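A.B. asks: If you're matching them up, the sequences are chains P and F in order. So the first sequence is residues 1 to 608, counted in our numbering. So the second sequence is residues 1001 to 1156, counted in our numbering.
Hints listed in this document are in silico derivations from the structure and should not be mistaken for laboratory results. Certain hints may be false.
Said to hold, decoys possible - Covered stretches of chain F (in silico footprint by chain P; criterion: 3 or more residues with CB under 8 Å from a CB of chain P, positions within the stretch not fixed):
id, segment
1, 1004-1016
2, 1021-1027
3, 1124-1130
Because the structure is a prediction, the values reported are computed rather than measured. Built from N, CA and C at the ideal position, the CB exists for glycine as well.
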Amino acid sequence: MTVGNGWTGTLLRVNLTDGTIIREALNMKDANDYVGARGLGTKYYCNEVDPKIDPLSAENKLIFMTGPCTGTLASSAGRYEVVSKSPLTGAIGAANSGGHFGPELKYAGYDGIIFEGKAEKPCYLYINDDVVELRCAKDLWGKNVHEATDMLNAECGEDFRVATIAPSGENGVLFAGIMNDKNRAAGRGGMGAVMGSKNLKAVVVRGTGSVKVARPEGFLKEVANARKMLIEHPVCGEGLAAFGTEILVNIINEVGGLPVNNGRDGASYDKAYDISGENLAEKHLLKNQGCFGCTIACGRVTKVKPDESEFYGFGEGPEYEAGWSFGSDCGINDIAAVLKANWICNEEGMDPITMGATIACAMELFEMGAIPESDIGFPLRFGDAEAMVKCVRMTADAQGFGKILGQGSYRLADKYGHPELSMSVKKQEMPAYDGRAIQGIALEYATSNRGGCHVRGYMISPEVLGLPIKTDPLVTEGKGALLKTFQDLTALCDSTGICLFTTFALGLPELAGQYREAVDSDESDEEILLKGERIWNLEKRFNMEAGVEKDTLPPRLLREELPSGPAKGKVAELQTMLADYYEVRGWSKEGEPTSEKLKELELQDISF
Amino acid sequence: MAQQLVVDPKKCKACRTCELACSFGHHDEFNPRLACVTVFNFEEDAITVPVMCMQCEEPACAAVCPTGALSINADGVVSHNADKCLVCKLCVSACPLGNISFSPATKKVFKCDLCEGDPMCAKFCPTGAISVMDPATAPAKKKEAADKIKSTVEEA
Chain P
1 MTVGNGWTGT
11 LLRVNLTDGT
21 IIREALNMKD
31 ANDYVGARGL
41 GTKYYCNEVD
51 PKIDPLSAEN
61 KLIFMTGPCT
71 GTLASSAGRY
81 EVVSKSPLTG
91 AIGAANSGGH
101 FGPELKYAGY
111 DGIIFEGKAE
121 KPCYLYINDD
131 VVELRCAKDL
141 WGKNVHEATD
151 MLNAECGEDF
161 RVATIAPSGE
171 NGVLFAGIMN
181 DKNRAAGRGG
191 MGAVMGSKNL
201 KAVVVRGTGS
211 VKVARPEGFL
221 KEVANARKML
231 IEHPVCGEGL
241 AAFGTEILVN
251 IINEVGGLPV
261 NNGRDGASYD
271 KAYDISGENL
281 AEKHLLKNQG
291 CFGCTIACGR
301 VTKVKPDESE
311 FYGFGEGPEY
321 EAGWSFGSDC
331 GINDIAAVLK
341 ANWICNEEGM
351 DPITMGATIA
361 CAMELFEMGA
371 IPESDIGFPL
381 RFGDAEAMVK
391 CVRMTADAQG
401 FGKILGQGSY
411 RLADKYGHPE
421 LSMSVKKQEM
431 PAYDGRAIQG
441 IALEYATSNR
451 GGCHVRGYMI
461 SPEVLGLPIK
471 TDPLVTEGKG
481 ALLKTFQDLT
491 ALCDSTGICL
501 FTTFALGLPE
511 LAGQYREAVD
521 SDESDEEILL
531 KGERIWNLEK
541 RFNMEAGVEK
551 DTLPPRLLRE
561 ELPSGPAKGK
571 VAELQTMLAD
581 YYEVRGWSKE
591 GEPTSEKLKE
601 LELQDISF
Chain F
1001 MAQQLVVDPK
1011 KCKACRTCEL
1021 ACSFGHHDEF
1031 NPRLACVTVF
1041 NFEEDAITVP
1051 VMCMQCEEPA
1061 CAAVCPTGAL
1071 SINADGVVSH
1081 NADKCLVCKL
1091 CVSACPLGNI
1101 SFSPATKKVF
1111 KCDLCEGDPM
1121 CAKFCPTGAI
1131 SVMDPATAPA
1141 KKKEAADKIK
1151 STVEEA
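Work out the full structure, taking the sequences as your base and the hints as a guide.
C.D. replies: Written out as structure tokens, the structure reads:
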């Protein structure tokens, strides 16, 4: 692997403590073994940081990393990854984002940025091709994402791409994200809080250089084929463009997997249509929009007019996850309220999954009498849209009860004596699919290396959508092996710089094909997939060293039977699936990679 | 054969695939700043417009060029001959649509050449927001109107 083969070959190392900025050669051996973005960022991170450090201390590092396909014509390859230890979970945090920022960083001549230390005063990193400098961010501190982005564009130039945090990140909201191009998010796990803890407000970049691939002719052929498959695919070419990920609301509700009221009242929502992508498209969608180089264009540009609702406004989204978290999970079917809450999350740089799920948890705690009204300042019951939106605002502004909400549902529920009511795994909230109705996704939540998460191994694809093959969501048999494949393939996909959403239509041959031509590899599909498995096991090893809790689920999923719907009477059959999963992973019964497995993946010499 | 690029902003999703395809087609590299097409996104209005050379019949760039480096070729393409070009950049100023570019990186002037009849931007545009029209045939919009009239007549 050499420079020019998808890579610029240069990393920026920015020491915020002493203000030094160093250009260093990309480690090509690691780039080859760990692909890029998520994998390579994690490898750099593991090489340099003690897993036991406090994520919000100056000892932590924050890594922005692109992949070898980022900024090329590869299918939907506008993505980059932010890697650090998550302050929410204490596990490895890796958050992936699209938009136009990642490609611009490569055009400026850098594959990634490693931030170290902590700045004395608020600053931002300015990158204009060869000119790289830390600048004062005094006036930007306290500004939200949209304000800060507009100010930076006015100051630096309209053609700069901006990744920034909001006050949520400055104030240590544990699920603060880093937002680029205003509405695209490296959203989960609190990467924005890590950035804020370093007094780093933003990164702005303008690049006029090129990204080259190793075998242009072969690359174009692979790209043309992948793009054709995407455009012709019913999900990637039609469904996601027309309705966004919100198309899932009715689909998931039909299998009885749309959690209602913090999961307390099951997962069948009688008002699902109100918060669905179909209803959104009919009432509030202005247009759909794509990230850089994307054929799918799942993004929603949305508007609510003042005469339509008190929750009027303009912005992007929501995704299905936010449609659920601010919708059925809070017992709310007012789509305008959902939109409003989601827009606030974009503007204020907060992960809407954790935000909504934390409010839902607070609602359950309030209704059972565990949180006194005096702590909140108003009644907080399921179905109260006004109270829900108010909670989002209070969290963004670090006001009163909002400060507690800003710590996520686990710390909230623990504070009020009911940690079991936090619908989280490893302290990160599970997203919008009930693991009792869809067994494989329960296994994914339990085993995901970044805590409760759907995009580490999207089992909804085979279990509900039937892609690439249909499996029964209520059956546990075979789910371990299937999940392993999905997790490894996802780790590979995330690391190339290609969007995960392409994998509804594309499989390993198309991903590996584009990757091979970009980097000049003659490895087989299987050898390339093995890199995904290597990344997964490295993340797992980090988490073990960091002391992350074992793989399990909230008691609600394990013991409370679903009260209604197609999956009535079901709980998540985790233990059976876990045993299978550990076996196919080649891990011990306790869920730890064996020395043989580590050797097979050439991870035996990794020390922390 | 004379061809024309047609832009439909309603179909444009702001993904800038055209910029990537264009730069790759001409340079084997990915670099939006070497692309002859540029996408402008009007965020608040939710409208996106790709802009490229429209191959004028009376090109201001050619009129102002002191060496005849710009001219209309047999296919109706306003073509740029780099061998004759002084890189004086008068054409950059003269084009009323801003469709002649100068690259500080390559120190050259460049413009859309319709990729010798198979424009990469149109070929890779995922939504058909950029398409190729043969001016000799009826525009697509007329055909759409005809289709509608046909359906109405059928229903009546």
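A.B. asks: The structure should be examined with respect to each hint, and the outcome stated for every one.
C.D. replies: Hints versus structure:
{"no.": "1", "hint": "1004-1016", "verdict": "holds (count 4)"}
{"no.": "2", "hint": "1021-1027", "verdict": "holds (count 4)"}
{"no.": "3", "hint": "1124-1130", "verdict": "holds (count 3)"}
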